[in-house]
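*Asks:* Build the complex from these two chains, which are given one at a time in their own frames, with help from the hints.
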Amino acid sequence: MTDFDTLSLWVAVPVGLLLVLGSTLTLLGTVGLVQLKSFYDRLHAPTLGTSWGTAGVLLASILLFSALDGRAVLHELVIGIFLLITTPVTLMLLGRAALHRDRAEKVRGIPPARARGDAGSDG
Amino acid sequence: MLRRLFPHPLLSLLLVIFWLMLVGRPALGSLVMALILATAIPLLTARYWPDQSRLYRPWLLPPYLGLVLVDVIKANFQVARIVLFWPPERIRSAWVAVPVTLTSPEAVSILAGTITMTPGTLTADISADGKVLLVHALHAPDPDALRDEVATRYEARLKRIFEP
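These protein sequence lines map, in sequence, to chains A and B.
Residue numbering for the first sequence follows the working numbering, starting at 10 and increasing by one per position.
Residue numbering for the second sequence follows the working numbering, starting at 35 and increasing by one per position.
Okay, chain B solo, but in the shape it has when bound (with noise of 0.2 Å):
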């Protein structure tokens, strides 16, 4: 019963928490409302994604966003060296296929995402059964080192987190 009000359970806190935090301020009202947003848009949205998402290591996904916040910094400072003082012959744009042993949606998803947030780097492509994901790089002498540092430094994590 309990499961089928709330298909994604993980999902309806998230609103929650969102609701309360779009608010900014605690109140009986606001808690009532997140609670039927957290109700209904599961309900409605649930025949979209019908497959429950599991997250084997929850606690290791906060130092993976911070990983990722710190590499996103140091990609801002290098991309905008970039723009202001190479000339445009210098920079090496390369197209980099970067294969993917990740089987869940949602992680792959999220490898894709790391990808495209930090500057310098975007996935563009997937291929048809989501095993290679093509990534353009802005500047990328050595294709070959940016797929090992995305399959090291960010799919073992992810692998980690999603899978048992």
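The shape of chain A in the complex, shown without the other chains (with noise of 0.2 Å):
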């Protein structure tokens, strides 16, 4: 823990603040997990951890270890990408496997699956 003590306060308020944040934001979207009502709805709230929560812890990491070691510490931004990358095929692949469920159980205000994108009528 030595080592902070010599961090200046430049570095360490946005750390914190950049810090508060994405955790902030990440524990909203948790709670939006618990609070929203459909499974379709649920699916929208993790997207405030894996998008700004994470995003803000990670900024945080770069600029405290950057100003630690006094070099950029850039291997976070790798973090990042793979996020970026992932989520949306994890999203998209329970929301088509939902939606694959509900349409076979025949559940109400589902939309049907189209075959063709200039039939307009269909959906």
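Check the hints yourself; a few may be wrong.
Unchecked claim - Okay, derived cross-link-like pairs now, BS3-like style, lysine-lysine, Cα gap no bigger than 30 Å in a straight line:
1. A:46 with B:108
2. B:165 with B:193
3. B:108 with B:165
4. B:193 with B:108
5. A:46 with A:115
6. B:165 with A:115
For the record, the hints were derived by calculation from the structure and aren't laboratory data.
These figures come from a predicted structure and were not determined experimentally.
*Replies:* Next comes the structure, spelled out in structure tokens:
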């Protein structure tokens, strides 16, 4: 912990703010996951944590360790890029799986599958 | 010959950059490892990626990413407000069919990913011919406005990047 004693206020304050912002957004995402009513509504909530929730924490980490090491520490960016690619894929898979199930069980209010784009009346 | 060794030059370049960033400090050994990965991975995955994708205006990609990052910030706070303060009966979720005129599969994937990454909207399905995305919106009192926003704000920009 002694490392942090040498940290200047100009680094410590933004790092703290970013950490609080990131973790607050992540927390709100999980609250939404509990509170929202339908499966599809719930799918929206975790994106708070995976977008700027993560971005806040990663930016704080980049700032802090770049300041401590005296060089640009950037491998957090790789975490961000991987999340940016994998999160939408995961959510789209979950959404499609839920749609498939609801269509098979003929749940009301679920749009049917489309074969073609030009037939505007089938949706 | 070079073409056969590196079927996807852009992918190879990205792999080198990613590996060096993961290692964190420059060293000759890491560069050799990065080059091995950049050769092996595209060759091993080439069968699943037969068509060469092409960026016509790659310099427009960074501004697009910037726009998406800012929009994601705004959407974060909107969704946070809905979760925190709104009574559940006020939320108007909607399914919106968004027609897509992009032809490159990579561009459609990026559009779908952008929609999903933005809190509050989620791509849940795509029509069999890839011309319509089915988007679920957490709160969209006016689905037509959302459809137009996707078309003008994101799709038009991607069209300029990926199509001549």
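*Asks:* Hint by hint, say whether it matches the structure.
*Replies:* Do the hints match the structure? See the list:
no.: 1; hint: A:46 with B:108; result: holds (23 Å)
no.: 2; hint: B:165 with B:193; result: holds (14 Å)
no.: 3; hint: B:108 with B:165; result: holds (28 Å)
no.: 4; hint: B:193 with B:108; result: holds (24 Å)
no.: 5; hint: A:46 with A:115; result: holds (19 Å)
no.: 6; hint: B:165 with A:115; result: holds (24 Å)
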